[in-house]
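Peer 1: Residues per chain are reported as follows:
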Amino acid sequence: MDDQLLEKRLDSLKKAYNEMPEEENRSAILAAIKKDQKKKRTNKWLHLPYAASFIGVGMIAGVLMMQYIGDHIPSGEKTEQRQASGENAGTGLKKADVKAEFEELRSYYTEKQKDTKEKLGLGAGFEKWLFLSMEELKGTEANMLDNLDNTSQVELELEIKQLKGTIDESFTLPGKLIEEISKGDPDEKVGRREELLSLQLESYLGAYMQSMVFHEWDLNQATEQEGVTAVLEKLNRGGKGLASANLRKLAASAVENGYAFREEDGRILPYIDFIRVAERLKPNGNKDFIKYLVLRSNKIQDRNGVVMSYQKLGELLVKLERESFGVKDSMIHQTMMNDAQSLYALFVIGSPLNSLFDENNLLKGEVKKAYQYVIDLYPDTDTAKALETHYVQLEKAGFKKPADGDLHVELYPEYLQIPAPQGRQQEEKFIQSIYLLPEELLAAYKGFSVEKDFDILRDFGPFEIMQLYFYADSLEDYGTKYALYSKNGEKPPEDRYIKEQQESGHKLGELLRGYEYGTLYQANDTEEIVGVQMHFKNPENNMVFQVIEEDEGWKVRYMPFQ
Amino acid sequence: MNDEELVFRARNGNMQAFAELIDIHTPTVKRFAFQLGNKYDDIDDITQEVFVRVYRFLEQFSHAKFTTWLYKITLNVTRDFARNKQRQIKKVLKIGKERTYNGKTAEENILRYEEDRALHECIQKLDEKYRIPIILFYFHDKSYDEIAEITGISLANVKTRLLRGKEHLKKLLVLADRKEGERHG
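In the order they appear, the protein sequences are chains A and B.
Residues in the first sequence are numbered consecutively from 1, following this note's numbering.
Residues in the second sequence are numbered consecutively from 1, following this note's numbering.
Just so you know, these hints were derived from the structure itself, not from any lab.
Don't take every hint at face value.
[Said to hold, decoys possible] Result set (DSSO-like, lysine-lysine): computed pairs, CA atoms no more than 27 Å apart in a straight line:
hint : chain 1 : residue 1 : chain 2 : residue 2
1    : B       : K159      : A       : K507
2    : A       : K117      : A       : K8
3    : B       : K72       : A       : K429
4    : B       : K125      : A       : K8
5    : A       : K499      : B       : K159
6    : A       : K396      : A       : K328
7    : A       : K99       : A       : K176
8    : A       : K328      : A       : K368
9    : B       : K129      : A       : K400
10   : A       : K491      : B       : K159
11   : A       : K8        : B       : K65
12   : B       : K72       : A       : K138
13   : A       : K401      : B       : K65
14   : A       : K396      : A       : K369
15   : A       : K234      : A       : K176
16   : B       : K159      : A       : K291
[As the list claims (entries may be wrong)] FRET-style restraints, in silico, Cβ to Cβ:
hint : chain 1 : residue 1 : chain 2 : residue 2 : range
17   : B       : L58       : A       : E180      : 55 to 65 Å
18   : B       : D145      : A       : P21       : 30 to 40 Å
19   : B       : L58       : A       : L148      : 43 to 53 Å
20   : B       : R56       : A       : E233      : 46 to 56 Å
[Unchecked claim] Covered stretches of chain B (in silico footprint by chain A; criterion: 3 or more residues with CB under 8 Å from a CB of chain A, positions within the stretch not fixed):
hint : stretch
21   : 49–55
22   : 113–120
23   : 157–164
24   : 170–179
In this text, a Cβ means the ideal position worked out from N, Cα and C, and glycines have one as well.
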């Protein structure tokens, strides 16, 4: 066979591969991510740094989808869970029952949708931007029909109830939430209502943005006759005095739901009027939540995420620091900390859209000025102190851009209490070879390989446990390697594991090409040690060897490499 | 919006940006996973796991090309998947579903021509060190540099493996064609 023929056949195969069906996977993947994240996160608060206005219409679908899948695992997965937990399977549920329930749910959805669109003052054509799509409901129904044998009437009812709850939340208007919160108890902790308000404000903003295209003609007419300032004023008064009935309706509902209008790039566009929303929540809304909304009114990025003023970004960081001290509500406090962390990183290392360095790889003048401004004007703040350290380093380097690998936040403001970057300078580095076991560890290995008793390993840390894992693999001592795994979580039976290992011919040592040293790896949220970060010559190869603290010792997570 | 921008937004909590990354890259991940020799019935599970890991480690991702990282994760997931007990269970559950309504396997439906199927199978028979560069070069239009980055081998090795891989593939194809010829008399 010649090269030409082979290439021709490869080309034909490529075409066949490229015609693979492209089925929709997004919702299942997002549901799996949500499930995975649920295990890790305790703080569910929606965290959106202060660039709210860059969130375009596309955001809506995502936010609502995440709401939708929040507690709604596809029924197929639930079936598997039930089977795993040994719960009863089929109880004679009929296809017609499921179809009838979903039909009713669809009618409910359609009614809600119509009503909400009307109340938002939006015309036709916004369905797909506003709410969870009907396709999602159909998908859930199809899943349930596929798993009919494993679904009981009670489970069907539970599913429908959950979906109904999700639809209700998705169609809750910001105006209604504002009203409810303003009538609440100021001492009540921030909860789902406030979280939902944040979500809904962002969601419907996209729909309003989109709707402006349809009102362009009316807006042009109005601005030609009265000028932009007058039209804006009328829009922000809820449409009173505007000639167009459509515009009046749009403005009235937008203002009622927490939006206002302003001129951006020669266009009249809606935005979330955080200040006014905050005002409307007084006097009974949670004070910390109100404070947070006021902070959110600081717009520092444009619609595309480009920083408009680094000085304003610096000022916002100082405000966040100062305001955070008086915040009692833990959820709001954490949200502000998260925001401050993201924004500080944006301030000192930039982003793909916001490079802090010019074409000559020198720090941009406006960024340097903003740093000096914060350092000079707010010298007592932690933000300024951390920034000064960063500035001095940059100065030493002649304000030249560091190599990509060195572009990281060396030191966060102290009040953020972020140990990792501070620890970067002091963090313990395990520079010894993974395979070179100290005498004590080697002796422990010998004992453990015979007795498989974790008491023998109790005094060793994550790095040593990782060494043992590699060592066992190098000796093809798969029984010991297996014994190092955590007793919790999924893993195959020992005999099958050993057989598979023997047959695989795959050596862990191959993973160590370019390995340089290890450090402890902490979870972002809890800061507990969850692994050993393995650093490689090429940082792209860095990976984490996952461990878990169990029975006062360290064990290896099954499939530890991530 | 490019990948880097979407990643940046996703890291800052924008789920829609991440959903866009999923939409953009799912076909590539699926194709790559299938080309690596995974059963078509397992592709959705693998794709799901790839994106779960991407999201889980989004914080750690920096300054690399997103697709390079994605290919690496797909490779790792595929390797892990082969050892995963859960997959074994699912596989048993799915046996009944393997054949579609027209009596063909999912693989037969994708690779409708015998010649394509034969080549697909021959590629699976190649050693991984040849298979991956060939798949990346011929089906994903990756350059030598990109293949070197994804696989972690040197540029020279990429070239050698591609050449040798092609030679092995030709031999395997001749054998397969001969067998097919014998089968049809």
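Peer 1: Work down the list of hints and note, for each, if the structure agrees.
Peer 2: Results for each hint:
Distance hint between K159/B and K507/A is fulfilled; the C-alpha atoms sit about 24 Å from each other, no more than 27 Å. A C-alpha spacing of about 55 Å is found between K117/A and K8/A, which places the hinted pair above 27 Å, so the restraint is violated. Distance check on the hinted pair: K72/B and K429/A sit about 26 Å apart at the alpha-carbon level, within 27 Å; holds. The hinted pair formed by K125/B and K8/A meets the criterion: a straight-line CA distance of about 20 Å does not exceed 27 Å.
This hinted pair does not check out: K499/A and K159/B have alpha carbons roughly 35 Å apart, beyond 27 Å. Taken as a hint, the K396/A and K328/A pair is broken in the structure, with Cα atoms around 40 Å apart against an allowance of 27 Å. Among the hinted pairs, K99/A with K176/A is inconsistent with the structure: their alpha-carbon atoms are about 32 Å apart, more than 27 Å. Restraint check: the Cα-Cα separation between K328/A and K368/A comes to about 35 Å, which exceeds 27 Å; the hinted pair is violated.
Our distance criterion of 27 Å between C-alpha atoms is broken by K129/B and K400/A, whose separation comes to about 41 Å. A distance of roughly 38 Å separates the Cα atoms of K491/A and K159/B; the hinted pair therefore is violated under the 27 Å criterion. The suggested pairing of K8/A with K65/B is violated, with an alpha-carbon distance near 30 Å, which exceeds 27 Å. Among the hinted pairs, K72/B with K138/A is inconsistent with the structure: their alpha-carbon atoms are about 35 Å apart, more than 27 Å.
Distance restraint check for K401/A and K65/B: the Cα-Cα separation of roughly 20 Å lies within the 27 Å cut-off, and the hinted pair is therefore satisfied. A threshold of 27 Å between alpha carbons decides the hint, and for K396/A with K369/A the separation of about 17 Å falls inside it, so the pair holds. The hinted pair formed by K234/A and K176/A meets the criterion: a straight-line CA distance of about 23 Å does not exceed 27 Å. Only pairs whose Cα atoms come within 27 Å are accepted, and K159/B paired with K291/A is rejected, the gap being roughly 60 Å.
Between L58/B and E180/A the C-beta distance comes to about 35 Å, which lies outside the given range of 55 to 65 Å. Checked against the hint of 30 to 40 Å, the pair D145/B and P21/A passes, with Cβ atoms roughly 32 Å apart. Judged by the Cβ atoms, the range 43 to 53 Å given for L58/B and L148/A is violated: they are separated by roughly 37 Å. In this structure the supplied range 46 to 56 Å holds for R56/B paired with E233/A, their Cβ-Cβ distance being about 49 Å.
Using a Cβ-Cβ cut-off of 8 Å, 5 residues of the stretch 49–55 of chain B lie near chain A, which meets the minimum of three, so the contact claim holds. Coverage of the stretch 113–120 of chain B by chain A holds. Counting CB-CB distances below 8 Å, 5 residues qualify, and the rule asks for three or more. Coverage of a stretch by a chain is defined here by at least three residues with a beta carbon nearer than 8 Å to that chain's beta carbons; for the stretch 157–164 of chain B and chain A the count is 0, and the condition is violated. With 3 residues bearing a CB less than 8 Å from a CB of chain A, the stretch 170–179 of chain B meets the requirement of three and the coverage assertion stands.
When the structure is compared with the earlier hints, violations turn up for hints 2, 5, 6, 7, 8, 9, 10, 11, 12, 16, 17, 19 and 23 and for no others.
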